Amino acid sequence: MSAKDQHDSLHPLEVHLLAALCSQSTALSDVKLAELTPLDPSQISMALGWLQAKAFIRIDSETITHFVGLTEVGRGYLAIGSPAEWILLSCSAATQDGNSLTVKDLQAKELFQPTELSRAIGLLKKEGAIQMVAGGAIETTSTPSPTTEKLKGLLGQLETATEDLSVFSPDDQTLLKQFSVKRGNAQEPFRIEERVERAYMLTTEGQDVAKLCRPGATEEISQLTPDMLKDGTWRNKPFRKYSINLRPPRVAPGRRHPYREFLDLVKRRLVSMGFQEMRGPLVETEFWDMDALYMPQFHPARAIHDVYFVKNPTSADKIAEPFLSRVAEAHEHGGSTGSTGWGYQYDRERARRLVLRSQGTAVSARTLAANPLVPGKYFSIARCFRYDQVDATHATDFFQVEGIILGEDINFRTLLGLLTLFAKEMAQAKESKFLPAYFPFTEPSVELHVRHPRLGWMELGGAGLFRPEVTHPLGVTVPVIAWGLGLDRMAMMALGLHDIRDLFSVDLEKVRTMRGRFS
Amino acid sequence: MPTISIFQKDFESLLGQSASIDQIENWLMLVKGELKDHTPATGEIRVELQDSNRPDTWCVEGIARQIRIKLQGSPVAYPFLETKSRPKRTITVGKGMEDVRPFFAACCATGYQVTEEGLAQLIQVQEKLADIYGHKRQTVSIGLYRLPKIQFPVTYGLVKPEEARFTPLGMTEKLTLKDILTVHPKGIEYSSILADHPTLPLLWDKEGQILSFPPIINSREIGEVQIGDSELMVEVTGTDLRMVLLTLNIFAANLADRGAEIEPIEIVYPYATDWGKTIRTPCEISEVQKVPVHAIESALGLPMGVETIHQALSAYGYQVKASRHTLAVRLPSYRSDLMHPIDVAEDVAISRGYASFEPIMPSQFTVGSLSALELTSDYVRDHMVGMGFQEMFSNILMSHEDLVERMNLTPADHPVVEVDNVMSLNYSCLRSWILPSLLRIETASPRAFYPHRLFEIGEVAIQNLSLELGSKTVIKLASLVAHPHANFSEIHTSLDVLMYYLVQDYTLEPTSHKSFLDGRVGKIMVEGKSIGLIGELHPEVLEAWQISMPISVFELEVDALVREER
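Just so you know, the protein sequences line up as chains A and B, in that order.
Just so we're aligned, residue 1 is where the first sequence starts under the working numbering, counting upward by one.
Just so we're aligned, residue 1 is where the second sequence starts under the working numbering, counting upward by one.
Watch out, some of these pointers could steer you wrong.
Said to hold, decoys possible - List of simulated lysine-lysine pairs, DSS-like, C-alpha gap at most 27 angstroms:
(1) B/K290 - B/K70
(2) A/K433 - B/K472
(3) A/K430 - B/K36
(4) A/K311 - B/K472
Stated by the list, open to error - Computed footprint of chain A on chain B, listed as stretches where at least three residues anywhere in the stretch have a Cβ under 8 angstroms from a Cβ of chain A:
(5) 277 to 286
(6) 323 to 333
(7) 430 to 441
To be verified - For the chain B half of the interface with chain A, some residues (derived, Cβ under 7 angstroms), not all of them:
(8) E44
(9) E48
(10) Q50
(11) F393
(12) N395
It should be emphasised that the hints constitute simulated quantities derived from the structure, not laboratory data.
Given the structure is predicted, the values throughout are model-derived calculations rather than measurements.
We put the CB at the ideal spot given by N, CA and C, even for glycine.
All chains, full assembly: derive it from the sequences and hints.
This is the structure:
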């Protein structure tokens, strides 16, 4: 772009600054620029930013100046004296009246914070202006307190305006710093502020453009207005050209949560494959969470360290019949399921114990018991809980995507067919393989591994045919496929996340900037 | 389930042939094993075994055996199960044992000289079986002994805690049983198994030498097997006879596979058991079961024919007798996991390989759909997003402090569903409302540029002791605006727009609530029922969350907005 073009797209504020900089041979500070242009400080600061971004100007030098002024606390000291001054006055007044004051008495007046008082007492004791006598009383001595005197002077000096710190003597500077606000201690009379003064110069490119600048020479339209359109005045003046390649201001749009968006896609795909949504409660009984799934009550994964138990109440009132009795029989000796059962004494009390749902399959168990359609397909995206230490790969609560298929034509090969479909539809995988697996509630059981286009071979899910010990007691006589998919890894990869905790991040900036497209 | 270490050389010698790591990984399908790690320098392979009903696969011997059977196409015959002659050694179970630790099984293994590798594997399988299968020795525990030091007959009986003294493994002095339970690390770890019993189990021989104190610790003298030993005794005690017998059978098969001759021992009980009063161990523990051919064919979806099924089962270790429509099958002695014909069907599929079954699509027509609640939630989410709100998504286990105290409430104001076995106070309650989830975000995000306009829609649990489960799960929506001028009117506008498009009449009814500023909080009323709250948050709440920005919010139950008449 030529200097002319660049000049044409300047904002009027920029024109003023460039002209001012061009008129002087030295670098100029923003204070100086305010004197040379009709602009106010905020306009100058804005235009300086734009010009730096365009590399028309650069910072020539930076001068740091420290200014000292009074805080609210300091203004308070002006009115009633600093704590040390007040203590000296109060105590000598008390002595004259024949009384004495203790530290407690001073605190009781509530004029100062206890920390302010204790520091002042320490100072006065150190300088010998007071001494503690029997009974904790404070007595003034004839020795003056130089620090107290100096503070009084400094407070007076700063009453009307802030001052450059460097005008004070080195001793005073030390004292001012000692009694100024610091991180973690706001109860101080002084505040020292750093002011940075920058001087700006034109760059070579900036000089070329600046030479063309004549503030106010041509009147340009910056914003087209309804009035101009009404009266036609837009015809008479040129429109200022914009620098269209500057970054626009950032806004935060209304937006779905990206992980939720991923689960929405999963949900849509499952509905498109003919699955109906099912839902279940977060708080479950051990019966529906585990017993109905033929997990024996002595199963190693049912201990206190695997599942969250509920405190109030600890148990449900009852478990619906005939399910409780039929499941109990299946566990004990197989009942009418054709199984030998686990061969142990089933504990019906324990079945009522309340837990936080530990597996999505609990929702399937409830669906089986509620007269499901045959043929029927169901899915749920269920929040589940595991008793795990939270780290990059373990969350306390997480989602399981799982479901069931009921039908006369269901068998091991249709199970493999379904999994092949999942591999294609859910992971866009062209290659998949089946491995024997173990789940307490299915037989045969399969693990589905897929070759993901970007992640390589990964386990996508587990599935199987529900054992008759699961289906028969719940009143289902047709074969049932049970399946579950582990999709979080795919979601995390698409979103560029490496820590499962980031799926539920509390960092708004992270959530606002998280993005990824799920194919 | 367990992850174990095996060594390639040892595995190959048990298998009887060499094998590449790829071959091994592929064969692991036969035992539901997954190769986790391989160190070529040492030959160490880490394998995770999945099947909690197949403890025989939790060791290198069992893995190699299952593969060997597949390669040879027929089961392994163990002669010690066949011999009919009466064992020359006897172990007597003492009276009263039925109330303490009732079951016992044991055998001898001679002629296999224990190598360093073999000893490591013996100890590994002993630990995995006792820990996982035996529920930390509660139901099953195992002891190994140096046979030449033992004078038969041996007694498994009860003694008083102060009565017997011996030097346990890991110690140099004699201790009484009582001392072992309070001083020895294993005694302290496992003492709860024997809690409250006035007399304790002990194993001693004809000479009165103490072999061990089951299930706690062996004697140092007799019960510490060493490299080079070639005559061993294995003993299993426990509370479930089938599990005790199975465990011994696994040990017997493992040692036999390593070349030992197994000599059964006769166990004489003073009381009746499911296997009688006198049991020769090891022994067959599974019955012959009849399985219809069609049951397997229909489960697998493939008419394979009886001959194919017979072959597949033989090549997986079963003893099979086939007729035209029925198979009489018996599990090998080292397994006890056949509950239903479907279990046999899976073994047929595994034996033949899952890859040999051609997938077919389920063909029946079904209609997919979302629940009315999910549809309503999605509709609400769309409108919140359209109004410029960022959707958030949170963990729903939270601290009691976040849900109640930080909201300026007391437990009496606001009961929540709490976890009994708390691991961390941060995850000790199910959330009862969503607003605290959004405030966690505000606390963490003061540097994210304002305005903040957030919402979350999700499940919460509302405690209600009159319900069967003591609580109910509902979906709530919470929405928040935070910026220097955030106020009631702004959030009211959002609620009003949302309700307009939900085609839902509502009114606001002034109320008081300690989380909100008085006079700036209302109940959201729909058809005479309160379905939520709207208001400006009380500065007490903002301070408790260390938030320095005004916030106005509403929260309501989405369940109450569902129209069922679709």
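Here is what the structure says about each hint:
1. B/K290 - B/K70: holds, 23 angstroms
2. A/K433 - B/K472: With Cα atoms ~41 angstroms apart, A/K433 and B/K472 exceed 27 angstroms; violated.
3. A/K430 - B/K36: At roughly 25 angstroms apart (the allowed maximum being 27 angstroms), B/K36 and A/K430 satisfy the hint.
4. A/K311 - B/K472: holds, 15 angstroms
5. 277 to 286: violated (count 0)
6. 323 to 333: Coverage by chain A is violated for the stretch 323 to 333 of chain B (0 residues, Cβ < 8 angstroms).
7. 430 to 441: holds (count 3)
8. E44: Since the shortest Cβ distance to chain A is 23 angstroms, the answer is violated.
9. E48: violated, 11 angstroms
10. Q50: holds, 4 angstroms
11. F393: holds, 4 angstroms
12. N395: It holds, given that the least Cβ distance between B/N395 and chain A is near 5 angstroms, below 7 angstroms.
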